[in-house]
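Asker: Protein chains in written order, with the numbering used here: chain A, 1 to 312; chain B, 1 to 310.
For lysine-lysine, the following BS3-like pairs were computed, each having C-alpha atoms within a straight-line distance of at most 27 Å:
1) B:K119 <-> B:K206
2) B:K213 <-> B:K115
3) B:K29 <-> A:K216
4) B:K65 <-> B:K79
5) B:K29 <-> A:K134
6) B:K213 <-> B:K119
Derived list of chain A stretches under chain B, where covered just means 3 residues or more per stretch with a C-beta under 8 Å from a C-beta of chain B:
7) 48-61
8) 118-130
9) 136-142
10) 150-160
11) 178-187
12) 249-263
13) 275-287
None of these hints come from the bench; they were simulated from the model. Cβ atoms here follow ideal geometry from the backbone N, Cα and C, with glycine treated the same way.
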Amino acid sequence: MSNSTLKSTRPGRNAPPTEIVNIRNRNKSSLAPGEKSLVASPGTWFVWFGVAAFFIFLFGIVISVLVDSFGKPWFDTWLPENFTLGWYQEAWNRFDLSHIIGVTLLVAFAVIVVSVVIGVPASYVLARSRFPGKNLVMLLFLLPILIPPITFGIPLATVMYNFGLGRTVLAVILVNLVPSVPFVIITMTPFIEQINPSIENAARMCGANMWQVFTKVLAPLLVPGILAASILVLVRTVGMFDLTFLVSGPTSDTLVVAIYRAMTSAGGGEARQLISSMGVIYTAMMLVILIIALRFINPTQLVAQVKESRED
Amino acid sequence: MTSATSTASRSKSSASLRHRLAERGVDTKLWLLVPAVVFALLLFVYPFAYGIGLTFQPLAGTQEKWGGGFFANYIAFFKDAFVFDSVWLTMRLALPAALFNVIVSIPIAFKLRGKFRGKRFMQTLLVLPITLGTVLTAQGLLIFAGRQGWLNRFLMETGIISEPLQLVNNYLGVFFSLVISGFPFAYLLISSYLSGIDPSLEAAAKTLGANWKQRFRRVTLPLLAPGLATTFILTFVLAFSVFPSARLVGDASGDTRVLALMAYRAFSEQLDYSMASTIAIMMGVVELIVIGIVFLGRSFLYKGSTGGKG
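If we strip away everything but chain A, and leave its shape as in the complex, we get (with noise of 0.2 Å):
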């Protein structure tokens, strides 16, 4: 299909081939089929210097950060005069840390085990059956996510404000309910299909109703799937500003929002070590939940197989 499509393309380009020849006369280095030339080529020299250049960014303000929440005075130098622990134990008693981390660890494994209760059964059915409206519905799962947070956070703050649930746990939850459960249904869907349906018409046969099939035979199957639809929620939920931004409060910030009320506080802001630190914690809290989870699953798996590129 592919082969025919580009053969029925190339006469329509003017593109004769002894052009192709010629570019390739004039291509000085002669080298062998299979020798590689030693001097790299510009295109190289540019993607080195690309990643080079994100990469020092990026370690440039893990580490800063890094460092500045341990210096104790840290101005006009290379390196902070000297080390101190203080930053993170006033940190954690002056926001009460341990508090913010249970909220947030509490939304996460609630989004979690909501949205794959929901979001499971329904693409099983987006999977399997057609129906009418099937768009309709394919729609208004996508719609969450393409469109921005802002966009539906605000009105549904003001609905969550207008049933006296502003500030509390539970909306901080149900907000982030909204884009977690299109996520899970719109990843597991492929997941499903790749499963070859006939595993569910032999235990149809052998008389096991939708229960059992869901239970003995899906679910089983289904486990790396959800595994992974439920790291990636986990990490989209512990790292949501603007949904949880809206309507939490003193009592319901997750650690993102506790950080970036710190930043911007009236009267300047809190000291700048202190909102360092607790970042450090916010990552290596995250780099723990990753390394557990990678660990167990590849995220990879939800991806459909794809063909190994070759080496030329």
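Could you slot chain B onto chain A? The hints should help.
Answerer: Same frame as chain A, now just chain B:
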């Protein structure tokens, strides 16, 4: 539902209604979809509709100032330069950032597509910005690229510059933070699209004597283009709703007064929920227009059976 029942019973077919519906795909399986749809209706469609309704109930102050009755909020949005300029400011930030991320990712994904030592390690490092989050990226940029940060210090000591560069608290700071959070995302997506393209196509072109420019322009790029469009949309969505970094590393009252910030201010500082909803919904409209244009362009691209499609 009732009309469907009546037409089915009137028809002469011997099959039962249940069977006929099942043939069209309406069967008991659909109950599994109900919780998700109810959820979306309650927490997405209802608030959204409520928000749209709210935009037509402007505060008395807005009505007096801008006139126009029910439409006062929209008139204010388009006529109040302070508000409307932020559309332009948001676009000026989001479009270049998304384009930059996509365009720079292409050659890098291309060069790094083969196997080399440390590739897995590098890709793991690229996931790191996800763990940073926007707020920590902002804090890091303020320290690292600030006036006394390591970057300026290094450039000054090596004699490249004499004055510290102003890299944060302005447009550039937000742009940097968008690149740091958006580039790894764009790179990982594009390299996965790239690996979906059958390498034998390019090998065939190579055997026919095409050099790398021709191979790229005639074979790979057309196959990759739909994937590029998708990547652009996703990075654009990320960049368009930039909010914390616009406030923290940007110039929140000047160059980076983005729409999200304006909507939030109306919501929490002025407590004008109807104006806040208006700005928020117009923000969605602007974004959907851009996405629509890209999708329209994408529909003209080749979408065959060979990978690289979004």
